Each structure stands twice: as structure tokens, then as C-alpha cells.
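Engineer: Hey, can you work out the whole structure from these sequences and the hints?
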Amino acid sequence: MIYVRSYTVSCFVVMVLFFSQSVLFIVKPSHAAEYSRILPQGTLPADSRIAPPRTVDSYHPFQPVDSPAAWELRREEIRRRILVGAGLWPMPAKTPLNSSMYGTIDRGDYTVEKVSFESIPGHFVTGSLYRPKTPKPEKGYPGVLCPHGHWADGRFYDSGEKQSLNEIAHGSERFLCGARSPLQARCVQLARMGCIVFHYDMLGNADSIQFPEHRHGPRESLDGHSLGTWGFASQEGAARLQTNFGLQTLNSIRSLDFLLERGDVDPAKLLVTGASGGGTQTMILSAIDPRVTASFPCVMVSTSMQGGCTCENTHLLRVGQGNIEIAAASAPRPMGMTAADDWTKELKTKGWPDIDRIYEMVKAKGMAEAHFDIHFPHNYNHVSRTHMYQFANRHLSLGLPTPVLEREFEKLSREELSVWDASHPRPSGDAVGETHERAICQLWTDDSSKQIDPLLQPDNSESLATSREVLGGAWNVLIRRSLPTSDAIDFSLVSKTKETTHLILKGLVRNTKHKEEIPTLFLHPEKANGRVVLWLSSQGKAGLFDGGVLRPEVKRLLGGGISVMAADLYGQGEFISDHSMTLANPQVHYPGPNEKPEDSWRRDSVYYYGYNDSLYARRVHDVLTLIAFAKCQENYPAREVSLVALADAGHWASAARAVNPSAVDRAVIDVHGFRFGNLSTVWHADFQPGAVKYGDITGLLTLGAPGQLMLADPDPQLRDRVTKTYQAAGKSNALKVSETFSTDGADWISFLLQ
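In my numbering, the protein residues as written are 1 to 754.
It is possible that some hints are incorrect.
Distance ranges between label pairs, derived from CB positions [said to hold, decoys possible]:
hint, residue 1, residue 2, range
1, Val737, Arg219, 17 to 27 Å
2, Ile576, Leu260, 47 to 57 Å
3, Ala734, Ser221, 42 to 52 Å
4, Ser413, Glu261, 26 to 36 Å
5, Lys94, Thr134, 47 to 57 Å
6, Ala734, Met101, 57 to 67 Å
Hints were generated in silico from the structure; no laboratory data involved.
Remember, it's a predicted structure, so these values are computed and weren't measured experimentally.
Think of the CB as a built atom: it goes at the ideal place given N, C-alpha and C, for glycine as much as any other residue.
Structural biologist: Below, the structure is given as C-alpha cells:
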């Protein structure tokens, strides 16, 4: 008979059951495969990941920390996640800006100049430079960056007379020119306060004409697979983390470079401020660039909608974090923010208290401030700007009498603002449109390859350490997990039966921290020697069987005293009700119509991968949970835990070893030619944003060194690179490589039985 139980037990109890030989439950099944199922037919695991995917509009609360030390680690994680997601880890090589400033307009107490420079060769950042007429301070003028956000025509925005009069009537503006161009009003007032202000264009806005549109979605003409044939919103771009968000973030970094290269800006006084999409760029730049000394993001810091445009989203960006964490990463530097009658209207009670606590925790209480004028709609109006002026006066030490108030100014026309004229012709031909976009992605790829390729073939301990810092830092972001601690592991035993040579235990392994549940099968030999093998297969735990009986290799492991575990990883076996279906990553789109070309941006994959772990990463999470389960008790430990990942599972095992090189004692991995770069679609079940950029399978195997490994793959270059990595680590004897494994598994079974 079969004794079935349904209860939760600790790792202590399950390991007793796992290794105990004193109690046996006897059954004679017709074949072993019927014992693969654990839950009743039609019942799915109680797993949080089965819930609908997170989206830009989900609730994104702050994830609390309990100490300054913990926050410092968290802050660095936030920073690295932004950089990796933006395609800026490692930072692209900075090339000469080749800046041009011309066409000075004198307005009496300030001047405005036209500016263009190259953030990367051939790509121009354009904008307006506002300068005070006051004498230069000894250390230079304070500098201010102003990203403009999603106002119509960007830097050229003019609301028109009728709307301007309405703004004045409603109390959101005081002066006509300020109402018509609140963007110019901000820059003019800051220049009058004694700051040098650079107001620069977002992609596809105003003079940023090399991108004819601010955003677009997937399109066939930009979805090639050879170098120089893809652009943004493509599979190859996503595999390398190339997005318009990343380029725009790089433009912001280079804009800061531009201000500092001038020689008349005080590097100790650098403020960034913007609203809406400009508020997002403000948060992002302040979080990743320590040169920013103060920031004032408006109407974007929120636990609600996180930023609707592709320029505010990228792969990985908000997986496990949101805008509250991103804003808080500025601590302890001064930061101000505003809320409005939009997605930020609950900031006072949701998000702001968390930021305030972080500032108090890092002994910077009072250095952050928030203003909740939520009777106004989405804005950077006169009321919000006035809050910012007082903030700038204090934290840039301007010494102006308070309150600092705007006064009227003479608005610049589109013609006066535009940087392109007869002497400075606008880019054309191959320097604009899709050809330019493809060229940007090619330059980006070339730069990444120059920096990352050497890390895939380290030749000494120092270069191996650099590989672990750069590649390891990236893959830790991509996978987002390490080996769970024992207190996060739980187990429910469902049944225990006796075969002639071994016990069969079926149960549910849980990661309680993340509310994940994994149907797991254990085969425990009568003469167990304390060794455990975790068997990975594309068929889940059913991969232990062939034709309804245990595979011969599994029988040999059991005969050698090795216990064998197998499980349905997320999306396998008992996770899907229809076993004929092919599971892929869900195609989550930004809400709204997306059939017209102008709406195609809503179908960009950033709206899924920017908020959710990939299916691939989730399966690696399960591998780590299962390894931790096998290792989790000191009183009844597994003497040795190993991985077996044959033809269709090597990429999961490689990632588990990469993020935790010492997690297993031995690994048998048949890569079988798998490469992330060969996948057919961005929605493929094994697609992982950034995987190709960070070395593909070679990068993972590099990071797994120098753990004991038996590796098979048909590519001699891969085998050679892994061999040299082990040589660099001084552990050549820990590696065995071959083109293929023997058909009966004798070679790798012998490796495990040593």
C-alpha cells in the first residue's frame, strides 16, 4: 500500500526521512513513472509565480531594510540593476564630446546658447545652455541639468495663449511666458539665481532629429540578427540590453560630462531636476552617478504607475524594486519631490514615509523633502518650481533672500532655440532614422565586446577576479537570486513508498521567502553514502524515466549509493495543466491599442522583462532552492551535492553554478550546443535579457570555475575557453571536457562515483 501524508515538516524532519533506512513503506507498482505525479490531477502548485505578471501599473511598495549597512548593500544593488538594465555595465568608453556652442542670445541678466555634442560618435545631444551674467564664483557656478519630460515638442513646448490664461486663472502659473513655456521658465529663473543650466532634448524631441520618433515598438526592419541589422525593441537588442532608455540615460551622463568639461561649473554643486519623463531621468541619473549632489524629481516618485514610456522602462529595471527605491538611492544627498493629481497622489502615505525613514537611517534627516499639491494635475508648474527654487537656494548655497520668486521673462521662439541652421546643418542621410539606430546598436555592441570578450578568457587570477566582478555582477542582476538560507526552505511530504532497491519519496519543496512551491521526487538507495544528485531535465522529474521505467543511468547512480532528486521546475510538469502546450514568456504589453504603427511601442518586451523575472531565471531560482534543500541541515547533511544536467538542461545548471560557484560539489553539464544567441524570439522560454551581452553560456561557465565540472559541448572554442579559465584559477584537474558524453553515461557516472 501507499501511505499518503499532507503536512508541512521542517528541513530537519525531511532529512531524517531522506536518509533514514529504519522505516519502509512497501509497494509494487507496475512501472515507476506513475510515481512522478505528486499533486492531484488538475491541481497546480501553490506558487506565487502563477499569479498574473507584474506590470507598470501594479503596486510597487518599498522593500524595507533594517539597518544602514543593509541599506548600503541595497543601494548598490539598485544602482547596479539600473546600470545593467540600461546596458551601461560596464560603462561604454567615453569618447570626445566634440561640443559646439554658438548663437548666443543676451537677455540682460542671463544668456542662452545653442549646444550640440556627441554622446557617442555620430550621435548628437542637443539643447540650450543658460548662463548667468553675474561674476563667476571662485569655484565656479552651480550646474543644473534639466531633462524636459513628455511635453509636446519637448524643449520647444509652447502651450499657447488660451491654455496659458487658464493656467494663470487656476493659480498654477503667475506669468504669461512662464505659463506658455514652463520649461524655459525653470531654466531662466535658475540662471537668474546664478546657475549654469543645460536644458537638453530627449530622443526624438525638438532638435534630436536623428530619431524621427521618440519611441517605437518591434518592427521587422529593425529586427535583424547579424551585426548592424537590428535596432531597439528587437530580440538582438534585448539580448544585449540595448534600448532607448539606455541611450537616453547615457545622454544624461554625457550631459553631466559636458557641464563639468566647461571649467566654469563647480563640481560640488550639481543639481538635476525634471518632471514626468524628466523626473524619471532625474531619479535614474542621481541613483547611478555620484557626481549629482542634489536632485528634484517631480511627479514621478510613486508606488503606482512607474513611467509609461519606453524611455522610462528597460529590461530588469524594476524587478524587485520600484521608483521609491530608485529615488531613495540618492540618500544621503539632498532630494526634493512633488506630487500631483496623477499616479503620485498617494505619495504622502505610500512611498514618502519610506524615503523619509531611509534618510533618517543614514543620518540625513531633513535632507529630503516632498510637496503634495495634489489639487493640480500632472505638472511642473509655478507652484512646483517655486518649491524647487527654495530647495536649490539651500542646497546649492546660493545665499539668495527667501522666498525666491520667479518674475516674467522674454520667451524664446522655436527658431531662436533650434541648434540647426545654415552654419550648423542638421544631420541627414545615414545619420538619421533606422540606419542611424542600427549604427548606434552596432557601436554599442562593439564597445561591449571589447570590454567583455577578454573577461571570457581570463589568463591569471587577477583577470579572473575582474571577470567575476563584471560578469558576475551582471549575472547576479539577471538571475536575481543566490542560494537560499536554510530557514527559507520548507517541505511537505506527500508519500513514501518502497521499491526493491530504493525508497521513493514525493513531496513539495518550498521557498517560503518567495512563496514558491516545487513538486519534487526523491529516490533514496538502501545503502546511501550521503551523496545526492539533483537531476535536471526539460521534462522535469519525469526526465528520470524512459519508457515508463527508471533510466539506466539513474539506476547506476542508485546502485552506487547516490540519492537522486528531480523536480518540476517552474513551468514544467505539474505547473501546466495542458502538457501538450509549449510554455513561453507571456507577451505582456502596455495597456491600450497597439495595432497601429504609432502605437507599436506598447508591444516592447521591456513591459514584461522590466517587471518580471524571465521563465529562464525562475527555473534557475528553483535549482538554487533545491540545492539549498539538499544541503540545509547540519545534523543530517548531505555529504556531497552534485548536479546532472544533460542535453536540454545544461544552461540552467550553468547559471546556478555561476551565481553560486561553491553551491555544488560536482557538476555534469552537457551544453549540447545551446546558446542564448540562437533563440528564435524574445518570448522564448529560455530567453534572458542581457544573456548574450554577458558572454552567453561561456560567461556562465567562466563564473562557475573552478568547481569540479565535467563538461560536454561540440564547440572546441567553448571547451578551450573554459579550460583556460580553469588554468587561470590554478584548478586544471577539476575540469574534464569532451565533445559529447558516452551514450551509456559511463564517463560521467564514473566522475560522480569518484
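Engineer: Each hint needs a verdict: does it hold in this structure or not?
Structural biologist: Cross-check of the supplied hints:
no. : hint                        : verdict
1   : Val737 - Arg219: 17 to 27 Å : 42 Å, violated
2   : Ile576 - Leu260: 47 to 57 Å : 54 Å, holds
3   : Ala734 - Ser221: 42 to 52 Å : 48 Å, holds
4   : Ser413 - Glu261: 26 to 36 Å : 29 Å, holds
5   : Lys94 - Thr134: 47 to 57 Å  : 31 Å, violated
6   : Ala734 - Met101: 57 to 67 Å : 59 Å, holds
Checked against the numbered hints listed earlier, the structure breaks hints 1, 5; every other hint is satisfied.
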